[in-house]
Amino acid sequence: MQTKLCLSLLTQSPTPPLSSLLSIHAFLLRRHLLLSGDPFLFNSLLRSLLAHRRFLAAFSLYRHLRSLASRLLPDSYSFTYLLKSCASVHGLSPRREGPQIHGHVFKLGFCADVFSSTALLDMYVKIGDLVSARKVFDGMRERSAVSWTAMSVGYARAGHKDAAMELFLEMPEKDVAAFNAMIDVLVKSGELDSARKVFDEMPQRNVVSWTSLLSGYCKAGDMEAAKNRQPLLALELFRELQSGLCSFEPDEVTLVSIIPAIADMGALELGRWIHKYIQKKGMECMGSVSTALVDMYAKCGDVDEAKRVFDGMRERAPSSWNAMINGLAVNGCAEEALDVFREMLSSGQCPNEVTMMGLLSACNHGGLVDEGRRLFREMEIYGIEPKVEHYGCMVDLLGRRGYLMEAERLVDEMPFPANEIILTSLISACVSYEDGDMAEKVMKKLAKIEPTDGRNFVMLRNLYAGERRWRDVERVKDMIRKYGGKKEAGCSVIEVGSTALEFVSGDKMHPDWDVISNVIGDLHLQMMVGEEDEYEFEMRVPCGDSCTQPMCTMLV
1 MQTKLCLSLL TQSPTPPLSS LLSIHAFLLR RHLLLSGDPF LFNSLLRSLL AHRRFLAAFS
61 LYRHLRSLAS RLLPDSYSFT YLLKSCASVH GLSPRREGPQ IHGHVFKLGF CADVFSSTAL
121 LDMYVKIGDL VSARKVFDGM RERSAVSWTA MSVGYARAGH KDAAMELFLE MPEKDVAAFN
181 AMIDVLVKSG ELDSARKVFD EMPQRNVVSW TSLLSGYCKA GDMEAAKNRQ PLLALELFRE
241 LQSGLCSFEP DEVTLVSIIP AIADMGALEL GRWIHKYIQK KGMECMGSVS TALVDMYAKC
301 GDVDEAKRVF DGMRERAPSS WNAMINGLAV NGCAEEALDV FREMLSSGQC PNEVTMMGLL
361 SACNHGGLVD EGRRLFREME IYGIEPKVEH YGCMVDLLGR RGYLMEAERL VDEMPFPANE
421 IILTSLISAC VSYEDGDMAE KVMKKLAKIE PTDGRNFVML RNLYAGERRW RDVERVKDMI
481 RKYGGKKEAG CSVIEVGSTA LEFVSGDKMH PDWDVISNVI GDLHLQMMVG EEDEYEFEMR
541 VPCGDSCTQP MCTMLV
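If you're matching positions, the sequence shown starts at 1 in full-length UniProt numbering and goes up one per residue.
In case anyone wonders, no lab produced these hints; they're calculated from the structure.
Please note that a few of the clues may not be correct.
Computed beta-carbon distance windows for the label pairs [stated by the list, open to error]:
# : residue 1 : residue 2 : range
1 : 388       : 346       : 29 to 35 angstroms
2 : 388       : 339       : 23 to 29 angstroms
3 : 339       : 279       : 25 to 31 angstroms
4 : 131       : 201       : 29 to 35 angstroms
5 : 382       : 441       : 32 to 38 angstroms
6 : 112       : 240       : 44 to 50 angstroms
7 : 469       : 273       : 54 to 60 angstroms
8 : 144       : 108       : 17 to 23 angstroms
Ideal placement from N, C-alpha and C gives every residue a C-beta, glycine not left out.
From just these sequences and the hints, can you work out the full model?
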(Lines of atoms letter the chains of each structure in order from A and count residues from 1; the text may use other names and numbers.)
(Lines give C-alpha, C1' and ligand atoms only; values in the text may rest on other atoms or scores of the structure.)
Protein backbone atom coordinates (compact mmCIF):
# COMPACT_ATOMS: atom_id res chain seq x y z
CA MET A 1 0.00 0.00 0.00
CA GLN A 2 2.79 2.42 0.95
CA THR A 3 4.74 1.50 -2.19
CA LYS A 4 1.71 2.16 -4.40
CA LEU A 5 1.14 5.54 -2.75
CA CYS A 6 4.77 6.55 -3.32
CA LEU A 7 4.56 5.39 -6.92
CA SER A 8 1.40 7.39 -7.43
CA LEU A 9 3.09 10.53 -6.09
CA LEU A 10 6.28 10.03 -8.09
CA THR A 11 4.56 9.32 -11.41
CA GLN A 12 2.08 12.17 -11.21
CA SER A 13 2.39 15.00 -13.72
CA PRO A 14 3.85 17.46 -13.12
CA THR A 15 6.63 16.13 -10.91
CA PRO A 16 5.94 16.70 -7.19
CA PRO A 17 7.55 19.78 -5.59
CA LEU A 18 11.10 19.38 -4.35
CA SER A 19 10.09 19.46 -0.68
CA SER A 20 7.59 16.64 -1.24
CA LEU A 21 10.12 14.70 -3.29
CA LEU A 22 12.73 14.88 -0.55
CA SER A 23 10.15 13.67 1.98
CA ILE A 24 9.25 10.71 -0.24
CA HIS A 25 12.94 10.01 -0.72
CA ALA A 26 13.57 9.91 3.03
CA PHE A 27 10.44 7.82 3.67
CA LEU A 28 11.47 5.18 1.11
CA LEU A 29 14.95 4.91 2.59
CA ARG A 30 13.69 4.59 6.18
CA ARG A 31 11.21 1.86 5.27
CA HIS A 32 13.68 0.05 2.96
CA LEU A 33 11.00 0.06 0.26
CA LEU A 34 13.58 0.45 -2.49
CA LEU A 35 15.15 -2.92 -1.72
CA SER A 36 12.28 -4.99 -3.09
CA GLY A 37 14.25 -5.85 -6.23
CA ASP A 38 11.71 -4.11 -8.49
CA PRO A 39 13.54 -1.24 -10.28
CA PHE A 40 10.33 0.61 -11.25
CA LEU A 41 10.03 2.52 -7.97
CA PHE A 42 13.75 3.27 -8.03
CA ASN A 43 13.51 4.55 -11.63
CA SER A 44 10.53 6.74 -10.76
CA LEU A 45 12.50 8.34 -7.94
CA LEU A 46 15.51 8.84 -10.23
CA ARG A 47 13.33 10.50 -12.88
CA SER A 48 11.88 12.88 -10.29
CA LEU A 49 15.33 13.77 -8.94
CA LEU A 50 16.51 14.55 -12.48
CA ALA A 51 13.45 16.73 -13.10
CA HIS A 52 14.58 18.88 -10.13
CA ARG A 53 18.23 18.75 -11.30
CA ARG A 54 19.29 16.84 -8.17
CA PHE A 55 21.93 14.92 -10.09
CA LEU A 56 24.33 14.28 -7.23
CA ALA A 57 21.43 13.05 -5.08
CA ALA A 58 20.64 10.50 -7.81
CA PHE A 59 24.21 9.16 -7.69
CA SER A 60 24.19 9.07 -3.90
CA LEU A 61 20.94 7.13 -3.94
CA TYR A 62 22.32 4.61 -6.44
CA ARG A 63 25.59 4.10 -4.54
CA HIS A 64 23.74 3.78 -1.22
CA LEU A 65 21.34 1.14 -2.48
CA ARG A 66 24.08 -0.84 -4.26
CA SER A 67 26.09 -0.92 -1.03
CA LEU A 68 23.15 -2.16 1.03
CA ALA A 69 21.88 -4.99 -1.05
CA SER A 70 22.83 -6.74 -4.25
CA ARG A 71 19.13 -7.47 -4.75
CA LEU A 72 18.71 -4.04 -6.39
CA LEU A 73 19.31 -4.77 -10.04
CA PRO A 74 18.94 -1.64 -12.19
CA ASP A 75 17.50 -2.01 -15.67
CA SER A 76 18.25 -0.15 -18.91
CA TYR A 77 15.99 2.75 -17.87
CA SER A 78 17.92 3.13 -14.62
CA PHE A 79 21.16 3.59 -16.53
CA THR A 80 19.50 5.99 -18.96
CA TYR A 81 18.61 8.30 -16.06
CA LEU A 82 22.00 7.89 -14.37
CA LEU A 83 23.96 8.58 -17.55
CA LYS A 84 21.93 11.74 -18.20
CA SER A 85 22.99 12.87 -14.74
CA CYS A 86 26.64 12.12 -15.59
CA ALA A 87 26.54 14.48 -18.55
CA SER A 88 24.89 17.20 -16.47
CA VAL A 89 27.42 17.15 -13.60
CA HIS A 90 30.53 16.79 -15.78
CA GLY A 91 33.13 19.25 -14.53
CA LEU A 92 31.12 20.04 -11.39
CA SER A 93 31.84 16.88 -9.42
CA PRO A 94 35.29 15.59 -8.42
CA ARG A 95 34.08 12.02 -8.95
CA ARG A 96 34.24 10.41 -12.39
CA GLU A 97 30.69 9.14 -12.35
CA GLY A 98 30.53 8.53 -16.11
CA PRO A 99 33.25 5.85 -16.34
CA GLN A 100 31.98 4.29 -13.09
CA ILE A 101 28.45 3.92 -14.45
CA HIS A 102 29.95 2.64 -17.74
CA GLY A 103 31.70 -0.06 -15.72
CA HIS A 104 28.42 -1.08 -14.09
CA VAL A 105 26.71 -1.18 -17.51
CA PHE A 106 29.43 -3.55 -18.76
CA LYS A 107 29.47 -5.66 -15.56
CA LEU A 108 25.70 -6.16 -15.53
CA GLY A 109 25.55 -7.05 -19.22
CA PHE A 110 23.68 -4.01 -20.56
CA CYS A 111 26.24 -3.10 -23.27
CA ALA A 112 24.17 -4.98 -25.83
CA ASP A 113 21.03 -3.05 -24.85
CA VAL A 114 20.32 -0.31 -27.40
CA PHE A 115 18.89 2.08 -24.78
CA SER A 116 21.85 1.78 -22.40
CA SER A 117 24.42 1.93 -25.20
CA THR A 118 22.78 5.00 -26.74
CA ALA A 119 22.69 6.68 -23.32
CA LEU A 120 26.41 5.89 -22.89
CA LEU A 121 27.16 7.29 -26.34
CA ASP A 122 25.16 10.44 -25.66
CA MET A 123 26.87 10.93 -22.29
CA TYR A 124 30.37 10.74 -23.81
CA VAL A 125 29.34 13.12 -26.60
CA LYS A 126 28.02 15.68 -24.13
CA ILE A 127 31.15 15.63 -21.99
CA GLY A 128 33.30 16.01 -25.11
CA ASP A 129 34.96 12.57 -25.05
CA LEU A 130 34.43 11.69 -28.71
CA VAL A 131 37.03 8.91 -28.68
CA SER A 132 35.08 6.95 -26.04
CA ALA A 133 31.81 7.84 -27.76
CA ARG A 134 33.08 6.38 -31.04
CA LYS A 135 34.24 3.19 -29.28
CA VAL A 136 30.75 2.75 -27.84
CA PHE A 137 29.20 3.50 -31.25
CA ASP A 138 31.44 1.02 -33.10
CA GLY A 139 30.73 -1.66 -30.48
CA MET A 140 26.93 -1.40 -30.72
CA ARG A 141 25.30 -4.50 -32.19
CA GLU A 142 22.14 -2.55 -32.89
CA ARG A 143 21.98 1.16 -33.62
CA SER A 144 18.86 3.28 -33.52
CA ALA A 145 18.30 6.55 -35.37
CA VAL A 146 19.05 8.28 -32.06
CA SER A 147 22.45 6.56 -31.88
CA TRP A 148 23.45 7.71 -35.36
CA THR A 149 22.21 11.24 -34.68
CA ALA A 150 24.00 11.47 -31.32
CA MET A 151 27.36 10.51 -32.86
CA SER A 152 26.90 12.80 -35.86
CA VAL A 153 25.84 15.71 -33.66
CA GLY A 154 28.86 15.12 -31.44
CA TYR A 155 31.25 15.45 -34.36
CA ALA A 156 29.37 18.46 -35.69
CA ARG A 157 29.38 20.35 -32.41
CA ALA A 158 33.10 19.68 -31.98
CA GLY A 159 33.74 21.15 -35.42
CA HIS A 160 34.82 17.85 -37.03
CA LYS A 161 33.01 18.59 -40.26
CA ASP A 162 34.44 15.75 -42.37
CA ALA A 163 33.73 13.07 -39.76
CA ALA A 164 30.22 14.45 -39.20
CA MET A 165 29.48 14.50 -42.93
CA GLU A 166 30.85 10.96 -43.44
CA LEU A 167 28.60 9.63 -40.68
CA PHE A 168 25.66 11.71 -41.91
CA LEU A 169 25.91 10.18 -45.39
CA GLU A 170 26.06 6.64 -43.91
CA MET A 171 22.97 7.10 -41.74
CA PRO A 172 20.17 4.74 -42.81
CA GLU A 173 17.55 7.16 -41.49
CA LYS A 174 18.11 10.86 -41.02
CA ASP A 175 15.94 12.81 -38.59
CA VAL A 176 15.54 16.58 -38.23
CA ALA A 177 18.18 16.77 -35.48
CA ALA A 178 20.81 15.18 -37.77
CA PHE A 179 20.01 17.58 -40.61
CA ASN A 180 20.13 20.55 -38.22
CA ALA A 181 23.51 19.46 -36.86
CA MET A 182 24.97 19.28 -40.36
CA ILE A 183 23.56 22.68 -41.31
CA ASP A 184 25.08 24.12 -38.14
CA VAL A 185 28.57 22.71 -38.71
CA LEU A 186 28.58 23.78 -42.37
CA VAL A 187 27.41 27.28 -41.47
CA LYS A 188 30.13 27.61 -38.83
CA SER A 189 32.77 26.50 -41.33
CA GLY A 190 31.53 29.10 -43.82
CA GLU A 191 30.22 26.59 -46.38
CA LEU A 192 26.85 28.26 -46.84
CA ASP A 193 26.18 26.74 -50.27
CA SER A 194 26.61 23.24 -48.84
CA ALA A 195 24.45 24.18 -45.85
CA ARG A 196 21.72 25.36 -48.21
CA LYS A 197 21.98 22.09 -50.15
CA VAL A 198 21.45 20.06 -46.96
CA PHE A 199 18.59 22.39 -46.01
CA ASP A 200 16.89 21.84 -49.38
CA GLU A 201 17.18 18.05 -48.98
CA MET A 202 15.29 18.04 -45.67
CA PRO A 203 11.92 16.27 -45.91
CA GLN A 204 10.76 18.22 -42.84
CA ARG A 205 12.10 21.40 -41.28
CA ASN A 206 11.59 23.02 -37.92
CA VAL A 207 12.28 26.52 -36.69
CA VAL A 208 15.86 25.50 -35.77
CA SER A 209 16.53 24.54 -39.40
CA TRP A 210 15.43 27.93 -40.72
CA THR A 211 17.15 29.87 -37.97
CA SER A 212 20.49 28.06 -38.39
CA LEU A 213 20.67 28.89 -42.09
CA LEU A 214 19.40 32.43 -41.58
CA SER A 215 22.01 33.08 -38.90
CA GLY A 216 24.68 31.82 -41.28
CA TYR A 217 23.61 34.31 -43.94
CA CYS A 218 23.52 37.07 -41.33
CA LYS A 219 26.89 36.63 -39.63
CA ALA A 220 27.82 39.95 -38.06
CA GLY A 221 31.02 41.33 -39.49
CA ASP A 222 31.39 38.62 -42.14
CA MET A 223 32.77 40.78 -44.95
CA GLU A 224 33.15 37.86 -47.33
CA ALA A 225 29.48 37.00 -46.86
CA ALA A 226 28.54 40.63 -47.47
CA LYS A 227 30.51 40.67 -50.72
CA ASN A 228 28.77 37.48 -51.83
CA ARG A 229 25.35 39.04 -51.23
CA GLN A 230 24.53 36.61 -48.40
CA PRO A 231 22.30 39.13 -46.57
CA LEU A 232 20.12 39.27 -49.69
CA LEU A 233 19.85 35.47 -49.60
CA ALA A 234 18.79 35.75 -45.96
CA LEU A 235 15.96 38.07 -46.92
CA GLU A 236 14.86 35.71 -49.69
CA LEU A 237 14.91 32.80 -47.23
CA PHE A 238 12.79 34.76 -44.77
CA ARG A 239 10.26 35.55 -47.51
CA GLU A 240 10.14 31.82 -48.26
CA LEU A 241 9.50 31.17 -44.58
CA GLN A 242 6.61 33.66 -44.75
CA SER A 243 5.16 32.24 -47.97
CA GLY A 244 2.62 30.05 -46.17
CA LEU A 245 4.37 26.79 -47.08
CA CYS A 246 5.60 26.35 -43.51
CA SER A 247 3.52 25.03 -40.64
CA PHE A 248 5.20 27.26 -38.05
CA GLU A 249 6.03 30.91 -37.60
CA PRO A 250 9.35 32.64 -36.94
CA ASP A 251 10.29 32.85 -33.29
CA GLU A 252 12.43 35.33 -31.37
CA VAL A 253 15.70 33.71 -32.43
CA THR A 254 14.69 33.74 -36.12
CA LEU A 255 13.78 37.42 -36.04
CA VAL A 256 16.99 38.38 -34.23
CA SER A 257 18.86 36.51 -37.00
CA ILE A 258 17.11 38.19 -39.95
CA ILE A 259 16.99 41.79 -38.70
CA PRO A 260 20.81 42.29 -38.92
CA ALA A 261 20.67 41.21 -42.58
CA ILE A 262 18.12 43.93 -43.24
CA ALA A 263 20.43 46.44 -41.56
CA ASP A 264 23.41 45.29 -43.66
CA MET A 265 21.42 45.60 -46.87
CA GLY A 266 19.85 48.92 -45.91
CA ALA A 267 16.42 47.51 -46.84
CA LEU A 268 14.45 49.93 -44.69
CA GLU A 269 11.04 49.19 -46.20
CA LEU A 270 11.42 45.48 -45.55
CA GLY A 271 12.57 46.34 -42.05
CA ARG A 272 9.40 48.34 -41.47
CA TRP A 273 7.34 45.41 -42.79
CA ILE A 274 9.02 43.00 -40.35
CA HIS A 275 8.50 45.56 -37.56
CA LYS A 276 4.76 45.53 -38.31
CA TYR A 277 4.83 41.73 -38.31
CA ILE A 278 6.52 41.81 -34.88
CA GLN A 279 3.89 44.23 -33.56
CA LYS A 280 1.10 42.06 -34.98
CA LYS A 281 2.47 38.97 -33.22
CA GLY A 282 3.01 40.85 -29.95
CA MET A 283 6.77 40.21 -29.96
CA GLU A 284 7.92 43.80 -29.56
CA CYS A 285 8.02 43.33 -25.80
CA MET A 286 10.91 40.88 -26.23
CA GLY A 287 14.09 42.73 -25.34
CA SER A 288 16.35 41.07 -27.91
CA VAL A 289 13.88 41.75 -30.74
CA SER A 290 13.46 45.42 -29.80
CA THR A 291 17.23 45.83 -29.46
CA ALA A 292 17.70 44.37 -32.95
CA LEU A 293 15.07 46.80 -34.29
CA VAL A 294 16.84 49.76 -32.68
CA ASP A 295 20.11 48.68 -34.29
CA MET A 296 18.44 48.09 -37.67
CA TYR A 297 16.68 51.47 -37.82
CA ALA A 298 19.84 53.29 -36.74
CA LYS A 299 21.99 51.57 -39.36
CA CYS A 300 19.37 52.39 -42.01
CA GLY A 301 19.51 56.05 -40.99
CA ASP A 302 16.06 56.32 -39.39
CA VAL A 303 17.24 57.55 -35.99
CA ASP A 304 13.80 58.86 -34.99
CA GLU A 305 12.18 55.44 -35.38
CA ALA A 306 15.09 53.81 -33.55
CA LYS A 307 14.51 56.22 -30.66
CA ARG A 308 10.77 55.49 -30.65
CA VAL A 309 11.39 51.75 -30.40
CA PHE A 310 13.97 52.35 -27.67
CA ASP A 311 11.67 54.63 -25.67
CA GLY A 312 8.90 52.03 -25.88
CA MET A 313 10.99 49.27 -24.30
CA ARG A 314 9.77 48.24 -20.85
CA GLU A 315 13.12 46.84 -19.78
CA ARG A 316 16.48 47.72 -21.26
CA ALA A 317 19.49 45.44 -21.11
CA PRO A 318 23.00 46.86 -21.53
CA SER A 319 22.88 45.75 -25.17
CA SER A 320 19.76 47.90 -25.68
CA TRP A 321 21.51 51.01 -24.36
CA ASN A 322 24.57 50.21 -26.44
CA ALA A 323 22.49 49.83 -29.61
CA MET A 324 20.90 53.24 -29.09
CA ILE A 325 24.18 54.97 -28.23
CA ASN A 326 26.01 53.42 -31.18
CA GLY A 327 23.10 54.17 -33.49
CA LEU A 328 23.15 57.84 -32.56
CA ALA A 329 26.95 57.90 -32.84
CA VAL A 330 27.14 56.56 -36.39
CA ASN A 331 24.46 59.03 -37.48
CA GLY A 332 26.43 61.99 -36.13
CA CYS A 333 24.11 62.69 -33.18
CA ALA A 334 26.88 63.07 -30.63
CA GLU A 335 25.03 65.17 -28.05
CA GLU A 336 21.99 62.89 -28.19
CA ALA A 337 24.25 59.84 -27.63
CA LEU A 338 25.71 61.51 -24.53
CA ASP A 339 22.18 62.29 -23.28
CA VAL A 340 21.24 58.59 -23.61
CA PHE A 341 24.39 57.69 -21.68
CA ARG A 342 23.42 60.04 -18.84
CA GLU A 343 19.95 58.45 -18.85
CA MET A 344 21.62 55.03 -18.68
CA LEU A 345 23.60 56.03 -15.61
CA SER A 346 20.49 57.50 -13.98
CA SER A 347 18.67 54.18 -14.46
CA GLY A 348 21.36 52.38 -12.48
CA GLN A 349 22.90 50.57 -15.46
CA CYS A 350 26.68 50.36 -15.60
CA PRO A 351 28.45 50.91 -18.92
CA ASN A 352 30.68 48.26 -20.42
CA GLU A 353 33.47 48.43 -22.98
CA VAL A 354 30.97 48.42 -25.86
CA THR A 355 29.19 51.41 -24.33
CA MET A 356 32.43 53.35 -24.03
CA MET A 357 33.38 52.50 -27.59
CA GLY A 358 30.06 53.92 -28.79
CA LEU A 359 30.53 57.08 -26.74
CA LEU A 360 34.08 57.67 -28.01
CA SER A 361 32.82 57.09 -31.53
CA ALA A 362 30.09 59.68 -30.94
CA CYS A 363 32.66 62.20 -29.74
CA ASN A 364 34.76 61.39 -32.80
CA HIS A 365 31.86 61.99 -35.19
CA GLY A 366 30.85 65.16 -33.35
CA GLY A 367 34.35 66.54 -32.82
CA LEU A 368 33.88 66.65 -29.04
CA VAL A 369 37.52 66.44 -28.01
CA ASP A 370 37.15 67.53 -24.37
CA GLU A 371 34.20 65.18 -23.82
CA GLY A 372 36.15 62.34 -25.42
CA ARG A 373 39.14 62.97 -23.16
CA ARG A 374 36.90 62.96 -20.09
CA LEU A 375 35.14 59.72 -21.05
CA PHE A 376 38.44 58.01 -21.82
CA ARG A 377 39.76 58.95 -18.36
CA GLU A 378 36.51 57.83 -16.67
CA MET A 379 36.77 54.32 -18.06
CA GLU A 380 38.97 53.48 -15.07
CA ILE A 381 36.21 54.72 -12.71
CA TYR A 382 33.76 52.26 -14.30
CA GLY A 383 36.26 49.42 -13.98
CA ILE A 384 36.80 49.17 -17.73
CA GLU A 385 40.30 48.63 -19.05
CA PRO A 386 40.75 50.40 -22.40
CA LYS A 387 41.38 48.04 -25.28
CA VAL A 388 43.12 48.76 -28.54
CA GLU A 389 39.80 49.82 -30.10
CA HIS A 390 39.31 52.53 -27.47
CA TYR A 391 42.84 53.82 -27.96
CA GLY A 392 42.31 53.78 -31.71
CA CYS A 393 39.15 55.84 -31.44
CA MET A 394 40.89 58.41 -29.21
CA VAL A 395 43.87 58.66 -31.57
CA ASP A 396 41.49 59.21 -34.48
CA LEU A 397 39.53 61.84 -32.53
CA LEU A 398 42.66 63.77 -31.56
CA GLY A 399 44.18 63.46 -35.03
CA ARG A 400 41.08 64.70 -36.83
CA ARG A 401 41.08 67.83 -34.68
CA GLY A 402 44.75 68.56 -35.14
CA TYR A 403 46.10 67.42 -31.77
CA LEU A 404 48.85 65.44 -33.47
CA MET A 405 51.43 65.58 -30.66
CA GLU A 406 48.85 64.37 -28.12
CA ALA A 407 47.75 61.60 -30.47
CA GLU A 408 51.35 60.48 -30.99
CA ARG A 409 51.97 60.54 -27.24
CA LEU A 410 48.87 58.39 -26.66
CA VAL A 411 50.14 55.86 -29.19
CA ASP A 412 53.50 55.70 -27.41
CA GLU A 413 51.80 55.27 -24.00
CA MET A 414 49.57 52.38 -25.11
CA PRO A 415 50.14 49.22 -23.03
CA PHE A 416 50.27 47.18 -26.24
CA PRO A 417 51.72 47.74 -29.71
CA ALA A 418 49.72 49.98 -32.05
CA ASN A 419 48.08 48.13 -34.92
CA GLU A 420 47.88 49.08 -38.58
CA ILE A 421 44.51 50.82 -38.22
CA ILE A 422 45.72 53.20 -35.49
CA LEU A 423 48.93 54.13 -37.31
CA THR A 424 47.09 54.58 -40.62
CA SER A 425 44.65 56.90 -38.86
CA LEU A 426 47.53 58.95 -37.49
CA ILE A 427 49.21 59.16 -40.91
CA SER A 428 45.92 60.38 -42.40
CA ALA A 429 45.79 63.11 -39.75
CA CYS A 430 49.39 64.09 -40.50
CA VAL A 431 48.51 64.43 -44.18
CA SER A 432 45.44 66.53 -43.39
CA TYR A 433 47.48 68.93 -41.24
CA GLU A 434 50.59 68.75 -43.50
CA ASP A 435 52.98 67.45 -40.84
CA GLY A 436 55.51 65.58 -42.97
CA ASP A 437 58.03 64.95 -40.21
CA MET A 438 55.56 63.14 -37.98
CA ALA A 439 54.13 61.26 -40.97
CA GLU A 440 57.60 59.89 -41.73
CA LYS A 441 58.06 58.75 -38.11
CA VAL A 442 54.70 57.00 -38.07
CA MET A 443 55.41 55.47 -41.47
CA LYS A 444 58.59 53.84 -40.13
CA LYS A 445 56.55 52.22 -37.33
CA LEU A 446 53.92 51.12 -39.80
CA ALA A 447 56.51 49.61 -42.14
CA LYS A 448 57.40 47.12 -39.39
CA ILE A 449 53.79 45.96 -39.15
CA GLU A 450 52.48 46.14 -42.72
CA PRO A 451 55.22 47.10 -45.15
CA THR A 452 53.29 46.16 -48.30
CA ASP A 453 50.14 48.29 -47.88
CA GLY A 454 50.29 50.71 -50.80
CA ARG A 455 47.49 52.93 -49.46
CA ASN A 456 49.77 54.45 -46.83
CA PHE A 457 52.40 55.23 -49.47
CA VAL A 458 49.74 57.00 -51.54
CA MET A 459 48.91 59.28 -48.60
CA LEU A 460 52.59 60.01 -48.00
CA ARG A 461 53.12 60.74 -51.70
CA ASN A 462 50.26 63.24 -51.67
CA LEU A 463 51.74 64.93 -48.62
CA TYR A 464 55.15 65.27 -50.29
CA ALA A 465 53.54 66.57 -53.47
CA GLY A 466 51.74 69.26 -51.48
CA GLU A 467 55.08 70.34 -50.00
CA ARG A 468 56.74 70.17 -53.48
CA ARG A 469 59.24 67.55 -52.31
CA TRP A 470 59.51 65.97 -55.74
CA ARG A 471 62.44 63.68 -55.02
CA ASP A 472 60.52 62.20 -52.10
CA VAL A 473 57.48 61.89 -54.34
CA GLU A 474 59.49 59.83 -56.86
CA ARG A 475 60.94 57.70 -54.07
CA VAL A 476 57.48 56.93 -52.71
CA LYS A 477 56.21 56.21 -56.22
CA ASP A 478 58.87 53.51 -56.50
CA MET A 479 57.57 52.01 -53.25
CA ILE A 480 54.00 52.09 -54.59
CA ARG A 481 55.09 50.29 -57.75
CA LYS A 482 56.91 47.74 -55.63
CA TYR A 483 54.08 46.99 -53.21
CA GLY A 484 51.07 48.05 -55.23
CA GLY A 485 48.76 50.95 -54.54
CA LYS A 486 45.41 49.31 -55.09
CA LYS A 487 42.86 49.14 -52.34
CA GLU A 488 39.66 47.20 -51.86
CA ALA A 489 36.81 48.75 -53.81
CA GLY A 490 34.10 50.40 -51.77
CA CYS A 491 30.49 49.42 -52.25
CA SER A 492 27.12 50.85 -51.29
CA VAL A 493 23.59 49.51 -51.20
CA ILE A 494 20.38 51.46 -51.81
CA GLU A 495 16.77 50.38 -51.76
CA VAL A 496 14.62 51.08 -54.83
CA GLY A 497 11.10 49.71 -55.09
CA SER A 498 11.67 47.38 -52.09
CA THR A 499 14.67 45.89 -53.89
CA ALA A 500 18.20 46.29 -52.52
CA LEU A 501 20.69 47.27 -55.24
CA GLU A 502 24.46 47.08 -54.75
CA PHE A 503 26.99 49.37 -56.46
CA VAL A 504 30.76 48.87 -56.44
CA SER A 505 33.21 51.74 -56.90
CA GLY A 506 34.66 51.83 -60.41
CA ASP A 507 32.34 49.10 -61.71
CA LYS A 508 30.92 49.99 -65.14
CA MET A 509 29.41 46.56 -65.80
CA HIS A 510 26.05 47.42 -64.21
CA PRO A 511 23.24 46.77 -66.75
CA ASP A 512 21.88 50.28 -66.22
CA TRP A 513 25.26 52.01 -66.22
CA ASP A 514 24.35 54.45 -69.05
CA VAL A 515 21.21 55.65 -67.26
CA ILE A 516 23.09 55.92 -63.95
CA SER A 517 25.84 57.93 -65.61
CA ASN A 518 23.27 60.35 -67.07
CA VAL A 519 21.60 60.80 -63.67
CA ILE A 520 24.97 61.50 -62.03
CA GLY A 521 25.64 64.07 -64.73
CA ASP A 522 22.28 65.77 -64.06
CA LEU A 523 23.03 65.85 -60.34
CA HIS A 524 26.45 67.35 -60.99
CA LEU A 525 24.89 70.13 -63.05
CA GLN A 526 22.38 70.89 -60.31
CA MET A 527 25.10 71.01 -57.65
CA MET A 528 26.93 73.63 -59.73
CA VAL A 529 23.95 75.98 -59.26
CA GLY A 530 24.34 78.56 -56.46
CA GLU A 531 23.27 77.46 -52.99
CA GLU A 532 20.70 80.25 -52.82
CA ASP A 533 18.73 78.74 -55.72
CA GLU A 534 16.47 75.76 -55.21
CA TYR A 535 15.14 73.62 -58.03
CA GLU A 536 12.84 70.68 -58.32
CA PHE A 537 13.44 68.57 -61.38
CA GLU A 538 12.48 65.13 -62.60
CA MET A 539 14.79 62.23 -63.40
CA ARG A 540 13.67 58.96 -64.91
CA VAL A 541 15.57 56.07 -63.30
CA PRO A 542 15.31 52.28 -63.54
CA CYS A 543 13.24 50.69 -60.81
CA GLY A 544 13.51 47.29 -59.14
CA ASP A 545 12.19 43.97 -60.36
CA SER A 546 9.03 44.37 -58.29
CA CYS A 547 7.98 47.49 -60.22
CA THR A 548 5.69 47.06 -63.24
CA GLN A 549 7.10 50.10 -65.05
CA PRO A 550 10.51 50.03 -66.73
CA MET A 551 11.29 53.56 -65.57
CA CYS A 552 10.11 55.57 -62.56
CA THR A 553 10.13 59.30 -61.99
CA MET A 554 12.17 60.69 -59.10
CA LEU A 555 11.73 64.25 -57.83
CA VAL A 556 14.91 65.94 -56.60
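Numbered hints the structure breaks, given as an ascending list: none
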